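For the sequence shown, counting from 1, position 124 maps to 124 in UniProt numbering; every step adds exactly one.
Each hint should be verified, as a subset may be incorrect.
Taking lysine-lysine pairs in the DSBU-like style, the calculated list, with each CA pair at most 35 Å apart, reads [as the list claims (entries may be wrong)]:
| no. | residue 1 | residue 2 |
| --- | --- | --- |
| 1 | K184 | K90 |
| 2 | K76 | K90 |
| 3 | K74 | K90 |
| 4 | K76 | K184 |
| 5 | K74 | K184 |
Everything labelled a hint here was simulated from the structure, so no lab data went into it.
Only a predicted model underlies this, so the values are computations on that prediction, with no experimental measurement involved.
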Amino acid sequence: MGERALDIMTDDQLVVLSQRGDLDAFNQLVQRWEASLYHFVRRTVGNSEEARDVCQEALTRGFQNIERLRDGTKFKAWIHHIALNLCRDKFRSQRSRADLRSLDEFSAEELQEATSDARPIAPDAQVTRASLCDLLGGALERLPVEQRTAIVLREYHGFNSEEIGEITGVPAATVRTRIFYGLKSMRRAFQERGISGIEMLQGEES
1 MGERALDIMT
11 DDQLVVLSQR
21 GDLDAFNQLV
31 QRWEASLYHF
41 VRRTVGNSEE
51 ARDVCQEALT
61 RGFQNIERLR
71 DGTKFKAWIH
81 HIALNLCRDK
91 FRSQRSRADL
101 RSLDEFSAEE
111 LQEATSDARP
121 IAPDAQVTRA
131 SLCDLLGGAL
141 ERLPVEQRTA
151 IVLREYHGFN
161 SEEIGEITGV
171 PAATVRTRIF
181 YGLKSMRRAF
191 QERGISGIEM
201 LQGEES
């Protein structure tokens, strides 16, 4: 089957072909989602080389276990779930969170990319992008890892609560609770510094 035909197929169709051993179909899924997967893993492990290794392993395991995926429409959430488990394994083996990237090390360019679809910052915020990067990173870093992961998956990668639940292995209601309290804590951190109007932290926690 030609590349153009594969390019217009849905994830579900590509998964069916992949389950029949069609490597070209799986490669199309890889091309479609590898950028999102890489950015998620890099923000989690904080190292480009390690992120590439984790992504490669996640995709390899995805291909090896593709027949276990019953709903092909959920391929994106499924492959992110595999990657998240690999990240967790890495952290457990290190017995330390020292290799978790401190989010306040994000460059201004990365922050702009990650929040490009978010609502704009209100003019009365009166902070530079670099300062906002530091404050946002620090606020995120202080959150429990479960809350931080849920917020990153929703705000930076566009997953909804049900999808995040599938990735992290908890009910959607638990995801919404984590996001609610995580964003509440982050808003409080900004308010303590006299900063208001950070609209990207004031959306619905649904």
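Are the Cα atoms of K74 and K184 separated by 35 Å or less? 30 Å, holds
Given hint K90 paired with K76 - CA-CA distance at most 35 Å: Roughly 21 Å between the alpha carbons, so the hint for K76 and K90 holds.
With the threshold set at 35 Å, check whether the alpha-carbon distance from K74 to K90 stays at or below it. 25 Å, holds
Compare the distance between the alpha carbons of K184 and K90 with 35 Å, and conclude whether the hinted pair is satisfied. Holds, because 29 Å separates the two Cα atoms, which is no more than 35 Å.
For a C-alpha distance cap of 35 Å, please report whether K76 and K184 respect it. Measuring from Cα to Cα gives roughly 28 Å; hence the hint holds.
Checked against the numbered hints given earlier, this structure breaks none of them.
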